[in-house]
Amino acid sequence: MFALQLKRVLLPGFTTVTALLILWFAVTTQGFFTLDNARAILASMVFVGMVSIGMTLIMVSGAFVSMALATTATISAMIFMASLSFGLPVAIALTVLVGALTGALQGVAIGGWNANPIIVTIAAAAVLEGVAVAFSHGATINPTGTSYTVLNAHLFGLPVGLYALAVLALTAESILRFTRLGPMIYLMGDNRAAARAAGLPIGRIGTAVFAIAGATASLAGIFMASFNHSASLLLNRGTLGYDAIAAVLIGGAAIGGGRGSVLNTMIGVAIIAIVSDLVLLRGFTTGEQILLKGLVMVAFAVGVHLRQEQRA
Amino acid sequence: MRDFTALTVAGRHRRLRKALPLGILAAIAMLALSLPVWSDVGFSVFSFFNTFQNAATLGLLALAVGLTVMIGEFDLSSIAIFTLGGLLAVKFGEASPMSGIAIAVAAGALLGAVQGGLLVLTGISSVPLTLGGYIVILGLCHIVAGEGILAYGNYDIGIWLDDPVALLFSKRSLLILAVFLLLWLAMRFTRLGSTIRSVGADRRAALASGVSVSRTVAGVFILSGMLCALGGALFSYSASVAKYDLGLDPFIFAVTAVLLGGINVSGGRGNVLGILAGVVAMSLLDTIFIQLAMPTYLIDLARGALLLIVVLIEAPDLARSLTAWKAGRIGAAQAKGRDHSKPLANSGTG
Chain A
1 MFALQLKRVL LPGFTTVTAL LILWFAVTTQ GFFTLDNARA ILASMVFVGM VSIGMTLIMV
61 SGAFVSMALA TTATISAMIF MASLSFGLPV AIALTVLVGA LTGALQGVAI GGWNANPIIV
121 TIAAAAVLEG VAVAFSHGAT INPTGTSYTV LNAHLFGLPV GLYALAVLAL TAESILRFTR
181 LGPMIYLMGD NRAAARAAGL PIGRIGTAVF AIAGATASLA GIFMASFNHS ASLLLNRGTL
241 GYDAIAAVLI GGAAIGGGRG SVLNTMIGVA IIAIVSDLVL LRGFTTGEQI LLKGLVMVAF
301 AVGVHLRQEQ RA
Chain B
1001 MRDFTALTVA GRHRRLRKAL PLGILAAIAM LALSLPVWSD VGFSVFSFFN TFQNAATLGL
1061 LALAVGLTVM IGEFDLSSIA IFTLGGLLAV KFGEASPMSG IAIAVAAGAL LGAVQGGLLV
1121 LTGISSVPLT LGGYIVILGL CHIVAGEGIL AYGNYDIGIW LDDPVALLFS KRSLLILAVF
1181 LLLWLAMRFT RLGSTIRSVG ADRRAALASG VSVSRTVAGV FILSGMLCAL GGALFSYSAS
1241 VAKYDLGLDP FIFAVTAVLL GGINVSGGRG NVLGILAGVV AMSLLDTIFI QLAMPTYLID
1301 LARGALLLIV VLIEAPDLAR SLTAWKAGRI GAAQAKGRDH SKPLANSGTG
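Residue numbers (my numbering), protein chains in the order written: chain A, 1 to 312; chain B, 1001 to 1350.
Everything labelled a hint here was simulated from the structure, so no lab data went into it. A virtual CB, placed ideally from N, CA and C, is assigned to each residue, including glycine. Check each hint, because a few of them may be wrong.
[Stated by the list, open to error] If you want a taste of the chain A side facing chain B, the calculated C-beta under 10 Å gives, among others: (1) Gly112; (2) Asn114; (3) His137; (4) Ala139; (5) Ile141; (6) Thr144; (7) Tyr242; (8) Ile245; (9) Ser276; (10) Leu280; (11) Leu281; (12) Leu292; (13) Ala299; (14) Val304.
[As the list claims (entries may be wrong)] Take a look, some chain B residues computed to stay more than 10 Å from chain A by CB distance: (15) Phe1046; (16) Val1179; (17) Trp1184.
Assemble the whole structure, with the sequences as input and the hints as a guide.
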């Protein structure tokens, strides 16, 4: 009863208030409305954007989130740097393959055996990090040659990574809309039992979803490594994974699965990038930045949940 | 009834799960005692003292995680509350340790109440809410610590807490043992235990039988917040230092201990002594790792792998998949008796 009243009062105003708040912050922040800053915001979307593509598919499939994608990106960055001696194309292919494989293994457990996704992915992240330390001994991996710098190039004033992100997002959205796999992912997320009863190969769907997520995360890792000209486990110290989860929630994907779109998630990625840029320009401390991002995430998670309840 | 269920597959599974915590604890204890046989290190009284010290450090965190899992929720923010509790106790408990603990526990209760309240009011799933909560509280930890490490000048308290009692224990480990026992008694001899388990097993049935589901969920979150903060406060007093980010390793320890302790991921099952057995087993394992001088990354690797194994054993559809694989066809598997899991079990909430 109280929750119902809460919804009536909060929901219509929620989006407007948030948008106005961000706008007000933007107007009063010096240096926000410049071309350079716009470019910086777009460039900062690349890493979070790529991880959030896979995160969207995972949430749509009903597995909520993966806590291992940021770690996957990090170890992919290390694998990419280490394998550059085989040439750029081989290095990219090998890295994406390893990323997809680690994702697929988690997908078998989560999709096929219905293991708890949060726990499986947290454990997988610990194992991946342990393996990475075993191979790298905690050292920074430097590239052989400079072939990777082509990934840092700019085209019409925008970084190559941004075009790659656009292509990836459109591809993922097309998979969701125009292939046979897409509707199966939605159905599985909407109702796992019904999907099973309908004879859908839910084990294989889950595996595919997590394999795609692993692949997009490893692409993020490849661009991260190129951007930093080296790779180490320190790349994993930021809030990449949490930003991606927040972007998916802001994009309006259903927490329980069955609804969501990659293109909407990209709007979430843009909002996260703008908020991150604003707090940076305003000189917030790391703690304040993290706190604010967390609050944004809670607000959107609750808001999206209430809106979906109202629709249902 | 018991005789009947014992005959069924589900009944056998239940018995197996009940025996699991003690079985695993015994197996790890055997491993520890047999160390001199296959390596050049051995277990001393001091190793056992260390094991209980280790158990005391993360015991309350595991207890808090276990309680929220028992009601069918999952609290990712618990590790952040543990961290914050340590920071607040160090920051405000220099002159009077008790007031430091009081402030930490009050903050834990408040954060638990806010999250539990939002959960009950909106009906949102606990995973995204507490993930957001984790990030918010992590931000708070950075702010409280002032982006540094807080040192605790009152060393005497740490020494007093960790002074050995009866060779094996310290005041700190005995205190934490007492919390476990108290909660076990409360759950065993009052309606608390059945209330918590019924909320975890089937919310609608619990509601129909007159259990106040909202109050139970909110109450468990408050209790969980208090336990985490208390655990963090005691730990930072003992270490005389508090850091703003402990990473996810303590959380992995706690979740593994909870699952080893026979708590079901989808809620409704398990007891406090099981969690204690899981915590002691994990601590004993850590002591073995330290005795063998294993490098940190190998310990993390082993812990991650152990958690993977335990959660896979828990996976509702693993048995079904194996049966289907054995029978070679899904139809044959579906005809077989199996226990039904809650449909939402995979998203960690009911």
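Here's how the hints hold up against the structure:
no.	hint	verdict
1	Gly112	holds, 6 Å
2	Asn114	holds, 4 Å
3	His137	holds, 9 Å
4	Ala139	violated, 12 Å
5	Ile141	violated, 16 Å
6	Thr144	violated, 25 Å
7	Tyr242	holds, 6 Å
8	Ile245	holds, 7 Å
9	Ser276	violated, 13 Å
10	Leu280	violated, 15 Å
11	Leu281	violated, 18 Å
12	Leu292	holds, 7 Å
13	Ala299	holds, 8 Å
14	Val304	holds, 9 Å
15	Phe1046	holds, 28 Å
16	Val1179	holds, 25 Å
17	Trp1184	holds, 25 Å
Violation of the numbered hints given earlier is confined to hints 4, 5, 6, 9, 10 and 11; the remaining hints are satisfied by the structure.
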